[in-house]
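Those protein sequences? They're chains A, B and C, same order as listed.
The numbering of the first sequence is the numbering used here, which starts it at 1 and goes up by one.
The numbering of the second sequence is the numbering used here, which starts it at 117 and goes up by one.
The numbering of the third sequence is the numbering used here, which starts it at 247 and goes up by one.
Treat the hints with care, as some may be off.
Stated by the list, open to error - Using C-beta positions, here's what the derived DEER-type ranges look like:
#1 C:E330 - A:L24: 29 to 39 Å
#2 C:K248 - B:L181: 52 to 62 Å
#3 C:I266 - A:I94: 31 to 41 Å
#4 C:G267 - B:V144: 31 to 41 Å
#5 B:L185 - C:T264: 44 to 54 Å
As the list claims (entries may be wrong) - Calculated lysine-lysine pairs in the BS3-like style (CA-CA distance at most 30 Å, straight line):
#6 C:K463 - C:K359
#7 C:K358 - C:K463
#8 C:K321 - C:K248
#9 C:K253 - C:K344
#10 B:K213 - C:K253
#11 B:K213 - C:K344
#12 C:K321 - C:K344
#13 B:K213 - C:K462
#14 C:K344 - C:K359
#15 C:K355 - C:K390
#16 B:K213 - C:K248
#17 C:K390 - C:K463
Keep in mind that the hints were calculated from the coordinates and are not lab data.
Every residue, glycine too, gets a C-beta built ideally from N, C-alpha and C.
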Amino acid sequence: MPAYRNVIWWYVQRITGALLVVLLTMHFWVEHFMSKTLMRGDLSYDVILSRISNPWWQGIDIAFLLVALLHGLNGLRNIILDYSRVGPRMTQAITVVLVVLGVMWSWWGIHAFSRL
Amino acid sequence: MRPTTTTNVVRKYSWQFSGMVAHIIQRVTGVLLLIYLFLHVHTIGELSQGQAAFDQALLMFKNPLFRLLEIGLLGLVILHALNGIRLTLIDLGLGHKRQQQLFWALSIGVAGLIFLIAAIPLFIASVLRS
Amino acid sequence: MKSYQVKIARSSADGGITRIGTFQVALEERMTVLDALFNIQRTQDDSLSFRCACRVGMCGTCAMYINSVPRLACKTQVSQLDTETVTIAPLPNLPVIKDLVVSLEPFFKQWKKIKPALHSPNRDATEPAKIPATSRYARETPQKRDCITCGICYGACGIKSTNEEYLGPAAINKAFLRLMDPRDTATEERLDVLNEERGGVWRCHTQFNCTAACPKKIDLTDTIMRLKRSMLFPSGFKKA
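Next comes chain A alone, as it looks inside the complex (with noise of 0.2 Å):
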């Protein structure tokens, strides 16, 4: 039996899905309600920057980036797809455009912690 692709991303959205909703409940526990941030006040540059030079928190992070990523980009490609006239090579383009703002989204994210 021929393996069908588009049941993968239908997969994928899924799962990426359940794990966006553990790693942003992490990050949101993470940035505000940690006693750090929430005692001292607003968050600051100190404050951010000591957690963000960490290597496991900016691991952490870009997992989230890619993941959301995917999540996104992918839910944004299935809007298209319903509501776009388009033959397949279009839609092929379509999605080619979208992988390739996720690779840039995703290096932006990555190059904004490899700078600091």
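Chain A is fixed; fit chains B and C onto it per the hints.
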């Protein structure tokens, strides 16, 4: 034969069904969150430009309008996440027969609850600070 | 007898809703929308066009958009609409021929795409095929076989309103029935059609409009979701 056109006599029937409302919510919040992600990565990128640039950005975020937008963002995230959980459950075959109740209970009820639990401390904290 | 105001979306023979015809009709309590339409056509405006055949909810011909929900006109009692204004429009997502008459061509085009006929390897068999009541086919499909191809699910679908290539719930349901049938052999071709990027099962986004609107109460969204889930291991279709 030309395709049918709708007039205002034919109301958007889709709004009668919670499944359709959930679908629209999911898509709209999803796109808005993507836009937010863009802005977020941009702001974090500013960090690398040094303290002065970052503090400039942070100043903008202390504006009460921004605070409100942040709370709105929280609402968007929670809505999208909980409706997403509902959809995943239904896709796995659980709660299929009760998708309508699941919508009201999960996507609206639980979402509202979590929103209040998360938003109120944040709101209080920001009010106390200013 | 109660008086109802009936608003009908009228259009001329070259398509497109051009005006709303408003009529006042006196109806008995258990009369249906179809009765109202006959009344109007006979006593008030004989240029009104609509389709019907069996009048008892079996043929699916009188499907139309009644008070914002696609329904069978012969099965919709006006008293149950809970309002004195009945708004009737042609079934959405389909080309309008005139007034309430639509062309079901696109619907059947999708229907034919999934090869609705049984492709049996034993076409010359003289013995009937035996399908035990305990088999998956017998257990899981009875409630899905009642489709009368009325087109209501097609008209109800939110995706169909923007996507011309989407197969639509009825076609997918039929494909599912054939895939589950142990006698059928056209599995590969049907799976290919169902997996298409632009029009296959992946275009369904579980809006549940079809399931809510189906006059035969077929759980269409369930069918589509089962297909989606099983695409990971498509060979599972033929297992007993």
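Hint check:
no., hint, result
1, C:E330 - A:L24: 29 to 39 Å, "violated (50 Å)"
2, C:K248 - B:L181: 52 to 62 Å, "holds (54 Å)"
3, C:I266 - A:I94: 31 to 41 Å, "holds (39 Å)"
4, C:G267 - B:V144: 31 to 41 Å, "holds (36 Å)"
5, B:L185 - C:T264: 44 to 54 Å, "holds (45 Å)"
6, C:K463 - C:K359, "holds (24 Å)"
7, C:K358 - C:K463, "holds (23 Å)"
8, C:K321 - C:K248, "holds (19 Å)"
9, C:K253 - C:K344, "holds (15 Å)"
10, B:K213 - C:K253, "violated (35 Å)"
11, B:K213 - C:K344, "violated (38 Å)"
12, C:K321 - C:K344, "holds (22 Å)"
13, B:K213 - C:K462, "holds (16 Å)"
14, C:K344 - C:K359, "holds (27 Å)"
15, C:K355 - C:K390, "holds (21 Å)"
16, B:K213 - C:K248, "violated (37 Å)"
17, C:K390 - C:K463, "holds (9 Å)"
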